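> Combine both chains into one complex, guided by the hints.
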Amino acid sequence: MKRNSWQEYQKHVADDRYYYARSCIRQNFFPGSEAAFLNIMRNDLGRDVHEDANHTSCTGIGYHSDIVPLETIMTVVARQFALMTEAGYENFISSCITSFGIYNEILATWAEFPETEERTREYLYKATGREFNKPRHIAHTSDVVFHHREAIRARAARLLVNAATGEPLRVVEHIGCHYAKIFPKSGIGGAEFPYVLAGMIESWGGEVVDYPERRHCCGFGFRNYLVQANRGYSVANSQRKLASMAPYKPDFIVANCPGCAMFLDRWQYTIAEMEGTTYGADGRGIPVLTYEEMAGLVLGYDPWELGMQMHQVDVEPLLDKMGVKYDPSAKYLGKNGKYIGQPAEALVNSGCSGATIL
Amino acid sequence: MGKYFDMLREDVRIREGLTACMNCGVCTGVCPAAEFYNYDPRQIVTAVQTQDDDTIEALLKSDTIWYCGECMSCRPRCPRGNTPGYVIQGLRTLSQRLGFFVESEKGRQQLALKRTVGESILATGYCVHPKLVDPDLHPEQGPVWRWIHDNDQGVFERFSENYQREGVGAVRRIDDETLGELHRIFEVSGGQAFFDNIEAHSERKAQEMGLEHADENYMKMVYTTNSGNHQ
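Protein chains in written order, with our numbering: chain A, 1 to 358; chain B, 1001 to 1231.
Be a bit skeptical, because a hint or two may be false.
The calculated lysine-lysine pairs, modelled on DSS-like cross-linking and capped at a C-alpha distance of 27 Å, are [said to hold, decoys possible]:
| id | chain 1 | residue 1 | chain 2 | residue 2 |
| --- | --- | --- | --- | --- |
| 1 | A | Lys185 | A | Lys126 |
| 2 | B | Lys1205 | B | Lys1061 |
| 3 | A | Lys331 | B | Lys1131 |
| 4 | A | Lys335 | B | Lys1131 |
| 5 | B | Lys1131 | A | Lys338 |
Honestly, the hints are just simulated from the structure, not real lab data. Remember, it's a predicted structure, so these values are computed and weren't measured experimentally.
With the rest of the complex left out, here is chain B (with noise of 0.2 Å):
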């Protein structure tokens, strides 16, 4: 076995999810993200159970394992029970760990991931919050939203009775003590450490780019860039 195919078994989602494929196709039927990108998870699974180093290399340093939405639509149709999503889980883990991930497009975009969702939970404890779904980054989200996001003590306090304070409700605050919890299990877990590597490589990548720091500009950058080679 190659060295990169040894490592991704280490993932006990890739020895769930990947057995042996006899490449029939079910999964790229029902694919969201192959009716989008030109993208085939059946070609994946293929180039892992290949085990060849270079093939899993420039795999690991493509923008293609970036392309799945983890919908998991693959997962109950394969007739060979394997769930490519979870091989795509496991590639994009080893991407970050081996720091190939900033040398694609789509692969950059983990510091802009880091940086919002990543940072929201240590802050906060949620993945999303009212104040981190700008209407300005977030046009999508009409009207409506910008009524909430600006009137949001007036909107959230009708229905929760803890609104930004300490208690139970929706969008309460979560206390200091429970954020201590939530922190040091990111640090005993290696989920500060994934959160620090995320960082690093994106450092080195600005500057191989030309950039002085992966700051706020570089964030900005990966966030909004789309090449149209995707599809």
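Just chain A, same shape as in the assembly (with noise of 0.2 Å):
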């Protein structure tokens, strides 16, 4: 198969004017990360990006547990759309690879089976009162970033380059099972060859790592996390990955989904604490960035208020490597400058002589 393959799989990602619709997981884990794509989007590319008080979970944890029936799912998500036709946009972006996943399931469902929208619509205006458009547009919010990458090159306060030796930083990318294995033609380059996150990559001055378990799943597996009985199963697959892409040395992962990027931060921890491995090239961890954090250190963001701080593996030999000044006694504080204590050591940061190192 020809690597430009994803070609084939191209989507168009509207330009301006977005109703934004958070993530659980996102605003949960990276609120820092919500906050800086509105900072690009609206103060660096002067974009028009709609937040909306009155949205909700779209409930996809909950209807991938099995526990949110299908008709509800599809009326929680019918009552986002109906807010962004009241607010008079047309282009509804996620910053859920989960929601992404199930705005596009619902979508499709409807054209397949016109029943299950008709009931739908019935429902909506029976609980509500609201009645909706369906979105001309759906986009993840790294498609956003994606179709802006090159007007953020064009502002870098710096490139994904090691600043000492001038080379590319090795970066694995990790897309998150939902944003193309369901549909692929809704993922910029399909679930073959997904390039959202190598096209950022790419034009940013990295360079895309390659490695035998690149389309493998985080290890999320929905009831296999939360449910603690199950989360062998969690565990097991994230260090699949981890192990398959530490022999290529990267400098960093960047996931496309939340869930993605927080599991293979914290399955690092879990693993260095269990059985003393660790898979970074200098005995810790891999620094595991989302795709808003990689954008916000190219154009020049503090990193503690791209909320850096709130990774369980340390970014600081990231930042070093960079280039990047930043200030050790400001990652801990809280609002208003105050100093509200940090976290206790862990040997994922700060290695150790037993550590083995994949």
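Shown next as structure tokens:
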């Protein structure tokens, strides 16, 4: 298969006027990334992004844990579309890969089984009195960053380059299963050669790492993480990916899906504590970034304003490699510069003499 | 056709996800659950395809249908355009509607999911909320998450103008009017009845198991029990 076959999977991404739906996982674990996305779009690129206090979770984690019925999630999604319609927007953008998959699945189901759309409209009107238009365009927020990647490059304060050697940083990109495996035509590059993150990395001077388990799931598996008894599934699948990428010595991982970013970060901590194994070339963990954090660093944002102190694996080795100037003493400050304590030490950050480095 | 197969066919995901499987096993080859569990999505599809009531009832009462992680890696790979992940979603929905889910260790976990994620949706408007991710129940989250959890106000307010308050922003408080609409959607579309059904069958099962009720202790049991018989 030709490497450039991703070009067959192109989609139109709207250039401006977006209705923005937050992600449960991203705002919980990476609130700085959502703030950065809005800052970049509005202040750096001058785009109109509408925030709405009245939208809710799409309930996607409940749906994929099989406790929220299809009819219910369809109606919740219809309510989000009604809010978009009422606000006068047509370009719906989601900050969550699970939600993005769900929006695409529901629109496809309505097209294939029109009676389900009709029933959803009845349920929504009965429950809320609302009506909706379907979006003209659906995009994940990474699609939007991809769309504007050259404008970001034009404003770059630095590139994805080792400041000491001038060599491109080696970057593992992780797409997240529900971005393109459910509806390949909805994702830039499709399911086989997703290009949404690779395109950003290449535009911003980095080098994309290819490795055997590149398309493997991060291991979330919904009920397989959410129920404590099942978490072996989750950590085992993350371990498979981490062990596969480690020999290629990536400088960092960038993830499309907020859940994947969280798991690939947290399970490195767990594996280090359980068996003394770390995956970074320096004996510590491999930093895991969101694409908003990657874009923010390129544009010169302060790492602590991007929320990178909320990662379990320390990002300072990466910041040092890139030549980012940062104030170590500002890392654990709360609002208004108040010190609020700091986390306990962990093996994945300090490394240890007995660590197995893969 | 058998009655269970007829019930399954009422679910559009089954109609979309199962046409005629030729048993090639590609879905199993790419399945993360098959790497970890004694699990084979090819066999699930084969069993459903028999349309046999006894075979499908055994499946609906088994641990097997609860192993899938719904990553949907199977979907783009199937040369016949089937989606074993959709078949699993249809089976899990029917297993809960019929109350069969309580007959397996993994199925009984649905109560834990309803009481954590499900109740979070109705109480907060979010599937996941910082206070739901209790570090004592989530030791794998590590010391940084404990620091965030214990200092949530200070950490989140650096990024959100309305943390736990009404307005726009990350982890804002979703207002009562919006939550009211969400609750009415659950009532009208069957979501609340689905939750109530999970509770009712869990209560029945708890009593069958000699426990007084499907109370906090039952919930903890289903949340933490792993017999180790799944690999």
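> A separate judgement is required for each hint: does it hold in the structure or not?
Consistency of the hints with the structure:
1. A:Lys185 with A:Lys126: The hint is violated at about 34 Å.
2. B:Lys1205 with B:Lys1061: Measuring from Cα to Cα gives roughly 13 Å; hence the hint holds.
3. A:Lys331 with B:Lys1131: holds, 22 Å
4. A:Lys335 with B:Lys1131: Cα-Cα ~19 Å, so holds.
5. B:Lys1131 with A:Lys338: Holds, at roughly 22 Å.
Of the numbered hints listed earlier, the single one contradicted by the structure is hint 1.
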